[in-house]
Structure formats: structure tokens, C-alpha cells
Amino acid sequence: DGGITQSPKYLFRKEGQNVTLSCEQNLNHDAMYWYRQDPGQGLRLIYYSQIVNDFQKGDIAEGYSVSREKKESFPLTVTSAQKNPTAFYLCASSIGLANYGYTFGSGTRLTVV
Amino acid sequence: AQKVTQAQTEISVVEKEDVTLDCVYETRDTTYYLFWYKQPPSGELVFLIRRNSFDEQNEISGRYSWNFQKSTSSFNFTITASQVVDSAVYFCALSDYSGGSNYKLTFGKGTLLTVNP
Chain H
436 DGGITQSPKY LFRKEGQNVT LSCEQNLNHD AMYWYRQDPG QGLRLIYYSQ
486 IVNDFQKGDI AEGYSVSREK KESFPLTVTS AQKNPTAFYL CASSIGLANY
536 GYTFGSGTRL TVV
Chain P
78 AQKVTQAQTE ISVVEKEDVT LDCVYETRDT TYYLFWYKQP PSGELVFLIR
128 RNSFDEQNEI SGRYSWNFQK STSSFNFTIT ASQVVDSAVY FCALSDYSGG
178 SNYKLTFGKG TLLTVNP
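So the protein sequences, as listed, match chains H and P.
The numbering used here applies: residue 436 is where the first sequence begins, and numbers increase by one.
The numbering used here applies: residue 78 is where the second sequence begins, and numbers increase by one.
Treat the hints with caution; some may be incorrect.
[As the list claims (entries may be wrong)] Result set (DSBU-like, lysine-lysine): computed pairs, CA atoms no more than 30 angstroms apart in a straight line:
1) P/186 to P/147
2) P/93 to P/186
3) P/186 to H/449
4) H/492 to H/518
5) H/444 to P/186
6) H/492 to P/186
7) H/492 to H/506
8) P/80 to P/186
9) P/186 to P/115
10) P/186 to H/518
11) H/444 to P/115
12) H/492 to H/444
13) P/80 to H/492
14) H/505 to H/492
15) H/518 to H/449
16) P/115 to P/93
17) H/505 to H/444
18) H/492 to P/115
19) P/80 to P/115
20) H/444 to H/518
21) P/147 to P/115
22) H/444 to H/506
23) H/518 to P/80
24) H/506 to P/115
25) P/80 to P/147
26) H/492 to H/449
[Stated by the list, open to error] Derived, one-sided and incomplete: chain P residues facing chain H with beta-carbon distance under 10 angstroms:
27) 110
28) 112
29) 184
30) 186
Simulated from the structure, these hints should not be mistaken for laboratory data.
Beta carbons: idealized from backbone N, C-alpha and C, even for Gly.
Put together the whole structure using the sequences plus the hints.
Structure follows, in C-alpha cells:
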């Protein structure tokens, strides 16, 4: 079955460490996205990528980095520069235009202690 | 700029009650798309409906129905005869061509619906 796989589901890191969240899709979608979800804040866009080897900052990109070396993969690195990294992170993909909506992964809950 | 407002932060109902979730949007574009997603406790957002700005017909899917009114910039979602399994966070979202491209969905903050037995 086609879909988006995010791993791991739960992740714990010590403050000051970088951590990379995995996102893989087998839907042959061109565009991929990373959102952050905090209680009462809704979904906020971190980074997005419309094609391989290209990506753009979203609304809250500071302290995060991404790469898009393969169509199927869009990993997100939470760096030590991110001041409040504890959150629920959702990866999504779309055919290309957002008109068609997104398919979401099941999310990674990151806790930094 | 585009914006989606879900004024109801939390709603609690008893099973079999009808419940309406409100969504108000802002956009300068004449062409846009509206969405509803459901987020159960497992975390993954599940697509419910997509509606384009040129189609104002209301839609019904089983116990779910959607009322799109351009005159009030609203896209409300009604669950009839609610069930415990409907308990989730529901997000309304907008896609338009702000800035000359259509690359992202703008989400509301979500409404937490709790259906009690």
C-alpha cells in the first residue's frame, strides 16, 4: 500500500543535540512538507520541497534544516538552535499543487530533555 | 494573506447529538480550495473533503455534511448522530494562489471534538 512513513514514532533527545526525523513516501508525489504541531497552535509549516534538490522555508524554519536528495525522502533535522524543539512533527506529501490536498504520515513526537 | 479561523477550540457532546464545527476563511483569490481533515488520537491527519471555490453545493457523506457559503466565507462541517469514534481534532484548511503559486495548505488551529457515551 502507498503511503508516508515517519520514524520513529517517539524520540527523546538531550538538549543541545541535533536530531533527524525520517520521512519516506512511496506515492510518487513530487511535493513534500514538514509541519510542527503544538497544543492550541494548529499546524505550522517548517519547510517544503516541490522537487528533488530544491526546498523552501516555511513559516517557522529557524532552527531546522532539510534535504531532498531523493524524491521519496525528505528528512528533517532539528538543530540545537531550535529553542523549543519539543513538539509533534508531521510530514506530508502532495502530487504537486496543494489544490489536491495532502497525504500525511503518522507523525513523530519529539521530546527534548 | 490567507487565513483560516476555527473559533471553537473544544466541543463536547453526548453520543447521538448533532454537532457543527465552524470554519471561516480569508483569501483574496477567486480560485481556492477548502479542506477538512480529521486527526484521531493516533496522530495521523485523515482527509475528509475537498471543495473548490466554484462549487457551492453542499455535500453529504453518510453522517457527515458540509455547508459552503461564499457570502459569509464559511465552510462548516456537521456530524449527524455523533458517535464516540468521531472524537478527534478536526482541521479546516485553505489552498489558494497567494504569491503567485499554490504550494501549501493553511490550517486553522483545529477543534477538539469529544463525544461522550
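Checked hints:
no.: 1; hint: P/186 to P/147; in the structure: holds, 21 angstroms
no.: 2; hint: P/93 to P/186; in the structure: holds, 26 angstroms
no.: 3; hint: P/186 to H/449; in the structure: holds, 29 angstroms
no.: 4; hint: H/492 to H/518; in the structure: holds, 17 angstroms
no.: 5; hint: H/444 to P/186; in the structure: holds, 23 angstroms
no.: 6; hint: H/492 to P/186; in the structure: holds, 21 angstroms
no.: 7; hint: H/492 to H/506; in the structure: holds, 18 angstroms
no.: 8; hint: P/80 to P/186; in the structure: holds, 11 angstroms
no.: 9; hint: P/186 to P/115; in the structure: holds, 12 angstroms
no.: 10; hint: P/186 to H/518; in the structure: holds, 22 angstroms
no.: 11; hint: H/444 to P/115; in the structure: holds, 19 angstroms
no.: 12; hint: H/492 to H/444; in the structure: holds, 24 angstroms
no.: 13; hint: P/80 to H/492; in the structure: holds, 19 angstroms
no.: 14; hint: H/505 to H/492; in the structure: holds, 18 angstroms
no.: 15; hint: H/518 to H/449; in the structure: holds, 13 angstroms
no.: 16; hint: P/115 to P/93; in the structure: holds, 19 angstroms
no.: 17; hint: H/505 to H/444; in the structure: holds, 22 angstroms
no.: 18; hint: H/492 to P/115; in the structure: holds, 26 angstroms
no.: 19; hint: P/80 to P/115; in the structure: holds, 19 angstroms
no.: 20; hint: H/444 to H/518; in the structure: holds, 21 angstroms
no.: 21; hint: P/147 to P/115; in the structure: holds, 23 angstroms
no.: 22; hint: H/444 to H/506; in the structure: holds, 22 angstroms
no.: 23; hint: H/518 to P/80; in the structure: holds, 26 angstroms
no.: 24; hint: H/506 to P/115; in the structure: holds, 27 angstroms
no.: 25; hint: P/80 to P/147; in the structure: holds, 15 angstroms
no.: 26; hint: H/492 to H/449; in the structure: holds, 26 angstroms
no.: 27; hint: 110; in the structure: holds, 5 angstroms
no.: 28; hint: 112; in the structure: holds, 5 angstroms
no.: 29; hint: 184; in the structure: holds, 4 angstroms
no.: 30; hint: 186; in the structure: holds, 4 angstroms
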